[in-house]
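Residue strings, one per chain:
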Amino acid sequence: SAVISQKPSRDICQRGTSLTIQCQVDSQVTMMFWYRQQPGQSLTLIATANQGSEATYESGFVIDKFPISRPNLTFSTLTVSNLSPEDSSIYLCSVEEQGAGTGELFFGEGSRLTVL
Amino acid sequence: RKEVEQDPGPFNVPEGATVAFNCTYSNSASQSFFWYRQDCRKEPKLLMSVYSSGNEDGRFTAQLNRASQYISLLIRDSKLSDSATYLCVVNMRRVTGFQKLVFGTGTRLLVSP
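Chains as they are written, first to last, in this note's numbering: chain A, 1 to 116; chain B, 1 to 113.
Keep in mind the hints are simulated off the structure, nothing from the lab. There's no promise every hint is true.
[Said to hold, decoys possible] The calculated EDC-like cross-link candidates involving lysine to aspartate or glutamate, where the alpha carbons are at most 16 Å apart (straight line), are:
id, chain 1, residue 1, chain 2, residue 2
1, B, LYS45, A, GLU97
2, B, LYS42, A, GLU109
3, B, LYS42, B, ASP82
4, B, LYS100, A, GLU96
5, B, LYS45, A, GLU109
6, B, LYS100, A, GLU97
7, B, LYS100, A, GLU58
Modelling step: build the complete structure from the supplied sequences, incorporating the hints.
Have a look at this one:
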């Protein structure tokens with residue numbers, strides 16, 4: 001199974017600033033997924049990050065607010081821009097085991113963001 | 001209607017009890033189904049996949065009813081360590097060929113001594 005490291009594990013930010021979350025995988029993967037889990041809610045897919053192309057955003061999420069980088073097959077970043085208290089959430093990076101086709105996702109431990 | 005719906009609970013059960021969770025999904029084209037477990041302040045982890053014929057893994061049994069668009073998870077002989085939130089997850093393959101996993105809001109289980 002893939003091992004995923006996310007940084008930072010938690011942060012407290014002022015409104016109007018931005019936070020960049022890093023995700024490092026111990027193996028090469030084609031797609032990386034960024035999820036958000038708001039307090040008391042389930043996971044919502046923000047975008048799918050493919051290496052060498054623009055990320056694909058889900059309805060309700062836009063690149064200006066959540067820019068994503070995917071410079072290689074083991075790394076991605078998600079930036080949450082122009083922060084507001086509504087952005088307080090856990091952000092999770094995930095991957096599907098390469099070639100498995102099982103639909104099983106492996107998740108990083110998440111980055112807990114609090115916006116004041 | 002939500003794509004994946006679950007009873008949020010919590011389900012409070014004593015050790016040794018049998019408990020069942022249900023989940024319904026809206027997209028009849030959904031192709032694969034899973035139960036994930038999420039402990040407090042932890043990331044979700046796959047508990048088991050759900051197959052059309054039903055499948056069992058130790059004390060856990062998962063079943064799928066495609067006609068009713070309904071998934072279930074049965075836990076027998078509950079342990080204190082089973083206390084967690086159980087997420088129903090549906091894999092909806094899109095026309096592009098890429099998949100999208102849609103998570104239910106989860107059912108919280110509390111097993112007490």
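Out of the numbered hints, which ones does the structure contradict? Structure breaks no hint.
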